[in-house]
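Residue numbers (the numbering used here), protein chains in the order written: chain A, 112 to 556; chain B, 113 to 284; chain C, 74 to 444.
Each hint should be verified, as a subset may be incorrect.
Below, a sample of chain A positions facing chain C; criterion: calculated Cβ distance under 7 Å [stated by the list, open to error]: (1) ILE146; (2) THR147; (3) GLY149; (4) VAL150; (5) GLU152; (6) LEU154; (7) ILE276; (8) THR277; (9) LEU494; (10) SER533; (11) GLY534; (12) ARG554.
These aren't lab readings, by the way, just hints derived from the structure by calculation.
Predicted model, so just to flag it, every value in this text is computed and none were measured.
For every residue, glycine included, the Cβ atom is placed at its ideal position computed from N, Cα and C.
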Amino acid sequence: MLTRRSLICSASALAAATTLPGLVRAQNRPLRLEITEGVIEPLPFAIPGFIARNGAAADAAADITRVIAADLRGTGLFRQIPDSAHISTVTSFDAPILYPDWQAINAQALIVGEVEQQGGRLIVRFRLFDVFSQQPLGDGLQFVGERDGWRRMAHNVADQVYERITGETGYFDTRVVFVHEEGPKNARLKRLALMDYDGANVQFLTDSRAIVMAPRFSPTGDRIIYTSFLSGQPRVYVMDVASVRSRPLEAISAGNMTFSPRFTADGGTVVFSMEQGGNTDIFRVDVNGGGRTQLTNAPSIETAPSFSPDGSQMVFESDRTGGQQIYVMPAGGGEVRRISQGSGRYGTPVWSPRGDYIAFTKQESGRFHIGVMRTNGSEERLLTASFLDEGPTWAPNGRVLMFTRETAGANGAPAVYSVDISGRNLQRVATPGMASDPSWSPRLP
Amino acid sequence: MTMSLRASALILSATLALSACSQGGLFGRDDAVDLNGAQASGAFGSVSDPRSIAYFNQIVGDRILFAVDQSTLDATSMATLDGQAQWLMTNPEFIALIEGHADEQGTREYNLALGARRAAAVRDYLVSRGVAANRLNTISYGKERPIEICSDESCYRQNRRGVTVLTVGAGV
Amino acid sequence: MRRSLYVSSAIHAAILLWVALGDGLFKDSPDPVFEVTGVTLVSTAEFDAMFDQAQTSAPEAEITPAPRPAEPEPPAAPEPLPEPAPLPEPPAQTAEAAPEPAPQPEPTPPGEVTDTLAPPAPPSGAPDLPQTGRPTPRPADRIAPVPTPAPEQDVAIAPEATPEVATPAPAETPAPAEEQAAPEEAATRIVTEAETPSGGPLGPLASIRPPTRPDPPRPVETAAPAPDPAPQPEPPQSDPLADAIALAVASAVSTPAPSNAPSGPPLTAGAREGFRVAVSTCWNVGSLSSEAQRTTVIVGFDMTREARPVEGSLRLISFEGGSQMAAQQAFETARRAILRCGATGYGLPVESYDHWQQVELVFNPAGMRLR
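Work out the full structure, taking the sequences as your base and the hints as a guide.
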C-alpha cells in the first residue's frame, strides 16, 4: 500500500506539517502522525456462560450463550476466546469487571449476561464491555419473551453486540425462505421452506407436488412470492406467511409462463417475467393483481429484475446482445444502460438493501462466481468460485450474501452458502437437507 | 378460514387435474414424474404400429437437441421436425405438448426462459410445416428436469432438448 | 386401453379421496404461526430502576416478583450497581473468592445447527506455506500490512506481535522478557475464493501488492522457527532510501523553532515510524461498518513519561467522511488500538518527552477498504 513514492510524499508532508505550526507555538504542540495501515482481523471476544438466576433457567442460559457466541463467530468478524482461557469468573451479573484479567487474555469485547425464568417466560439481560477502554459499550439491556423464543432473544443480544461494535445493523434475528430439495437429480422434489438465518427452526411451506423455485420475501417479511409448477405451467404465486396460504399473483391466459417475481421496494407491486410465444419480458403488477404494465419490450430474454431500495431504478438481466448481461433502467421506463463490463455472462442481479452494490452471478470459462459491483458497474469483485454458484440474496444490512452452490456430477447436490461482501468468511449454512434459492427476510419485527 | 380456503384450493386443483385428464393431460401433470425418460412401450402402443405414440417417439423421433445457449434449429433438427409434422398431420387425433429444457450450466430463471424459447422454436417450426397451432402447446422446465445427470458435455447436450410429447386430443 | 381406464379411475378415486381427507395429507405443513416473541428493550437506567424497585418493594410487572425471594446464591452486593464498579478498588466482593471457573453453566455443544456455522478451521500449522521468498497471498483470518506466515502449531498466538520499538534512545526499552509468541498468520489483503488457486500452489492468480513500507522496526523475534518467508529484517532502517528520507525529515523537523521551543531533541524519523507502526498493528478496521471504513478520525491523547497513553485523555478531535455514529465507531476502534498497543508503553525516548507528551493520531482507513 505504502509505496516508496507515497512514503516520500507522506514524509515530506509530515515534515511540512510539523515545521509550519512550529513557527507559531512550539510548546504543547501535539505530535501528529497519520495512520493509514491497519490490520483486518477477527476481534477477540469473551462470553462467559450467562448466569442462570434460577435453576429453571440453567438450560436456557447455556443455550443462549452458545447461540450468541455462534452468531458472532459466524460473521467472521469476531473470534471467541475459549472459556478455558478465561482468568476471571463472572459469578454475578452486577459484579465489577476485572478488566486486567480480560486484557491479559486479549479479550477486546466482553459480554456478560444472565437469564431468569419465570413461569413460561424468560428474561435475558446482558452488558457489553470494551475491555481495553475499561468501559461499557452501550447500555445494559433486558429482553423478555416466551421460553420458546429463546433463540430469538439470543439473536437479539448478538445483534446488539454486533451493532455496537461494528456500527452495522445486525442480521441474526432474521429468517430465510429457501427451496428444500429431495430425490435424485432427474426427479427432484422441491418444496418451499423457512428457517432461521442460521439454519435452525425449519418449517415447510408447501408440499412437494410441484416444482417451486426462487422465492422472495416482501420488504416487510409477511409475504413470500415464488414460482410454482402447481398448475402445470410455471406461474407466480403469493403466499401469506402467517397463514401459509398461497394464491396466483394474477389471472394469466394459459400458455403464458410467469416467473422470476420480486417485490418492489415498497412491497405494493411485484415485477416478474412473462413469456409469450417464446419471448420473455418484464412486467409490473399490483400485488393484489391488476394494473399490469410492461417494463421491457425486446425480442430477447429479460428477467431477474430487482429494484433499488429507493424504488427509482430497476436492474435486470438480458441477453439482447447475445449472452446474459446486466442492465439498469429507470423504474418508470426510459433509457436502458448496460453495467456489466467484464467478459463472461452476468445474471441474477440483486440490488443491495443499502443501495450501494449490486450482487450477481457470473459465469465464465465453465465456472460460476458470486460477485458484487457498484451500481454503475465499477469495482467488480468476485467473491466465490465453484462449479455452480448462483442466486445471491442480501442480508438486510447489505454486508453478507447467501447463495446456492451446487456440486457437480450425478450425485451433485445444492446447498446454501453465505459469504461476506469482502469475500471473507465463506461458509455453508446448516440446512437439514439439500437446499437452494435462499431469500433473506428483513429484520424481524 | 384456513381450512375452507385450503379445501377449495384442493378442490380446484383436483378439478384441474381431472379435467386435464379428459383434455389430454396438458396441464394437470405431476411434475415430479419424469415424463421424458424412455417410455414403456405398453401404454404407447407398439413401435411397429406407425400410428402409435411409440412409433412417433422412437422412429420419427420425439426430440431435438440444441447448441449451448441456442434455440436455433440445425439441419438434423429440422429433418426430425419435418417427420413430426408429417406424423401429426396424418394422425389428427393427437395433440402435442412441446417441452423445452436446458442444461445445468446456467442460472435457474434464465434457463426457464431459454427452455421456453426452445419450445417455441419447435412449435413455430411445426406450425410452419402445416400443423395447426391449436394442437400444440409449450412448457419450459429450464434445468429442472435433466434426462442425463452427469456434469459433462456428453450429458449436457442430451439435456438441451425440445421434446414433443403426444397425447390423444380432441377425440376423447 | 381398458387397463389405462382402470388406472385412470383409480387415480381419480385417489384424488377425490385426497380432497376429502384434505388437511390430513398436509401434516408436514408448518404451524401457520409465524412466531413473534415480544421482546422489550430496557435501558440500564430503567433496568436499574426496576431492580431498585424490586428491592424496595414495588413489584415491577416485567421482572422479579415482589420482594426478592430468598436468593439461592449469595447476593453479590446489597445493592445492584448501576454499572459494575470501575476496577481498581474492588469492593468486598465475594466474586473473586473462587479463582477457578467452577459454577459456570458450561455451554454444551450438542449437534445443534448453529454449531456448523462455526468459522472455518483456524489456519494453525498450515502445512502448505509458500516456499518462495515472496509470499503468495492466501486466505487468512488476518489481513495486515505485512504478511506473516502461519506459526507452528504450539506457539501461542500473540494478540499482536509485541512491538519492540527500536529507538536510538537507550533509556528504557522494555526488556524483551516477553513470552515467546508468534504473530498471527496474516495475508496482505483479503483473498477471495475466486482468486484462490484451485487446489494448490499454482502460483499467484492475483497480482501481489508490493511489499509495503521500508521495514520499520519490526515486531520482535518470531518464535516461528526457521524459514520465515516474510521479509522481516530486524534492524530498523536497513533501507537506504528510508534512511535518506529519515534524514530529510529529521532535518526538516529539527529546523530550529524560533523561541519557546520544547526542550530535548525532536523525535527521529525512526522513532516516529516505530510509534506509527506500533499503533497500526493494533488498529483493527475489520469489524468497522463500511461507513466507518470511510471515516477518518483524529484522536488526541496525552502520554505519560513512560510513553503510555493516559487513559482518560483519549478524545475524538475531529472526523471526516462519515456520520457522527460512524465516527464514534471509528473512534472506539482507534481508542482500542492506542490503549491496547500502548499498554506496555510505546518506548519513545524520554528526553524528547516534550515532543510527544501530547499526540494527535489521524486514523485514515481509506487504503484499508476492500483490501
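Cross-check of the supplied hints:
no. : hint   : result
1   : ILE146 : 5 Å, holds
2   : THR147 : 5 Å, holds
3   : GLY149 : 4 Å, holds
4   : VAL150 : 4 Å, holds
5   : GLU152 : 4 Å, holds
6   : LEU154 : 5 Å, holds
7   : ILE276 : 6 Å, holds
8   : THR277 : 5 Å, holds
9   : LEU494 : 5 Å, holds
10  : SER533 : 5 Å, holds
11  : GLY534 : 3 Å, holds
12  : ARG554 : 12 Å, violated
Hint check: a violation occurs at hint 12 only; the rest are consistent with the structure.
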